[in-house]
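Asks: So the chains spell out like this:
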Amino acid sequence: MITYLSNNSEIIWAALRQHIALALIPVVLGFLLALPIGYLGVRFPWLYHPLVNVAGVLYSIPSLALFVFLPVVLGTKILSPLNIVVALTIYTVALLARTVADGLRSVDRLVTESATAMGYRRFRRLIDVELPVALPVILAGLRVATVSNISLVSVGALIGIGGLGQLFTRGFQLFYIQPILVGIILSVLLAGVADLIIVLIQRAVTPWTRFQGGRA
Amino acid sequence: MNLTYLFDPAHWDFSTGSIPQLIVSHLWYVLLALVLGTIIALPVGLFIGHTGRGSFIAINAGNAGRSLPTLGLLMLMVTLLGLGLLPVLIALTVLVIPPILTSAYAGLRTLDHSVVDAARGVGMRPMQVLFRVELPMALPVLMSGFRSAALQVVATATVAASVGLGGLGRLLIDGLAVNDYSRVLAGAIVVAVLAVLLDLILALAQRWIVSPGVRASK
Chain W
1 MITYLSNNSE IIWAALRQHI ALALIPVVLG FLLALPIGYL GVRFPWLYHP
51 LVNVAGVLYS IPSLALFVFL PVVLGTKILS PLNIVVALTI YTVALLARTV
101 ADGLRSVDRL VTESATAMGY RRFRRLIDVE LPVALPVILA GLRVATVSNI
151 SLVSVGALIG IGGLGQLFTR GFQLFYIQPI LVGIILSVLL AGVADLIIVL
201 IQRAVTPWTR FQGGRA
Chain G
1 MNLTYLFDPA HWDFSTGSIP QLIVSHLWYV LLALVLGTII ALPVGLFIGH
51 TGRGSFIAIN AGNAGRSLPT LGLLMLMVTL LGLGLLPVLI ALTVLVIPPI
101 LTSAYAGLRT LDHSVVDAAR GVGMRPMQVL FRVELPMALP VLMSGFRSAA
151 LQVVATATVA ASVGLGGLGR LLIDGLAVND YSRVLAGAIV VAVLAVLLDL
201 ILALAQRWIV SPGVRASK
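Protein chains in written order, with full-length UniProt numbering: chain W, 1 to 216; chain G, 1 to 218.
Please keep in mind that the hints were generated in silico from the structure rather than gathered at the bench. Take the hints with a grain of salt, since some may be wrong.
[Said to hold, decoys possible] Between beta-carbon pairs, the in silico distance windows are:
#1 G:Val178 <-> W:Ile197: 37 to 47 Å
#2 W:Met118 <-> G:Ser55: 36 to 46 Å
#3 W:Arg17 <-> G:Arg120: 35 to 45 Å
#4 W:Thr3 <-> G:Leu81: 17 to 27 Å
#5 W:Val72 <-> G:Pro20: 18 to 28 Å
#6 W:Ile25 <-> G:Val122: 53 to 63 Å
[What the hints assert, rightly or not] Output of the computed footprint for chain G on chain W, the stretches with three or more beta carbons under 8 Å from beta carbons of chain G:
#7 68-75
#8 123-129
[Said to hold, decoys possible] Residues of chain G placed beyond 12 Å of chain W at every Cβ, according to the derived structure:
#9 Pro20
#10 Ser114
#11 Gly121
#12 Pro140
#13 Gln206
Just so it is clear, CB atoms sit at the ideal spot from N, CA and C, and this is done for glycine as well.
Extracted from the complex, chain W is given alone in its bound form (with noise of 0.2 Å):
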């Protein structure tokens, strides 16, 4: 393992800043995505149900069909990382919309009707006070998609460009299994750093919840 390591650390480097770049840009375009769409979720009651659903199928549909099909979609070529890219946006936004909708619908009523007491205003509203409250829901469901996205990352390697996900496919080809575990190894350590900064970000900006675990 060691000598595969030294030998191979460019390699690995390169795969490893790959596969952070492609699970990380994804995230951050679903998130910003994501909270209009599930804003409109709550917004307009009616949508809810549709949102849920649709959201749902798209789930549903096989990363590895979705990675190979978007070049066609999209015209682009079938190495380019755009297509991982778009795909894991696209399971992002899927997570992350039913997330913020409900996370939006479980702010007490008393506390919105009493920011409209106060005369806050609709959007000034949901920046200060709604979307604060409905932070650590939000989060949470921020993290299962950083960490699905991280795992999802290495199918790209199917299609040419999957970051640590090429160490899978070089060590099936060559039936070695060093890459092959170097690469799972990264990758869960990788899913597991993510996590724990959005933990970290979480703790710093929702302070009250802290005390609240502690009080129980």
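Given the coordinates of chain W, work out where chain G should sit on it, guided by the hints.
Replies: Okay, now just chain G, sitting in the frame of chain W:
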């Protein structure tokens, strides 16, 4: 959007590699993984939820399981064990365990505690409390975990084709290999339809097995 492959009657007989035959082998992987995963995860989840011991396992199993790349696990297993059903089954079962374990745990933990106390108060033994009170009441949460596991496995079982096995992934991998996008599209559509149908069936099953009393209180 080219649907010729999907609607070509020649691809709908029951010969090897035809769509119905791939659906059957796909569902076979899904079913085996779900049964095996449930057999492993359900008792553990119920034990942790019932006793409250080892809850950190249940909480972290979800995220740990999600972070394991199924493709890597599958290729590792094939490299170690050789080609066959077993490596696919292991990789897919690992995918099924976390949502079922976590939801079994969460279902029991989020129960109203006074119900459990009342069950003990009327003289139920621990096993009776678990199987006649806690489990029936936790079923809605448990079923939602099972449904998300099923959805995930249906979509992910396609990777079995990447190591040369069957299932609907064959349409994706072979279609890609010969640049036949009509075939890839057929695979994607059939998998998505299969996932939606399976979810529908499980939703109906849920209505059937969840006690009306529990449903009314939700």
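Asks: Each of the hints needs a verdict: does it hold here or not?
Replies: Going down the list of hints, with the structure as the test:
| no. | hint | result |
| --- | --- | --- |
| 1 | G:Val178 <-> W:Ile197: 37 to 47 Å | holds (43 Å) |
| 2 | W:Met118 <-> G:Ser55: 36 to 46 Å | holds (40 Å) |
| 3 | W:Arg17 <-> G:Arg120: 35 to 45 Å | violated (56 Å) |
| 4 | W:Thr3 <-> G:Leu81: 17 to 27 Å | holds (25 Å) |
| 5 | W:Val72 <-> G:Pro20: 18 to 28 Å | holds (25 Å) |
| 6 | W:Ile25 <-> G:Val122: 53 to 63 Å | holds (57 Å) |
| 7 | 68-75 | holds (count 3) |
| 8 | 123-129 | violated (count 0) |
| 9 | Pro20 | holds (19 Å) |
| 10 | Ser114 | holds (16 Å) |
| 11 | Gly121 | holds (24 Å) |
| 12 | Pro140 | holds (16 Å) |
| 13 | Gln206 | holds (15 Å) |
Figure legend: structure checked against the earlier numbered hints; hints not met, in rising order: 3 and 8.
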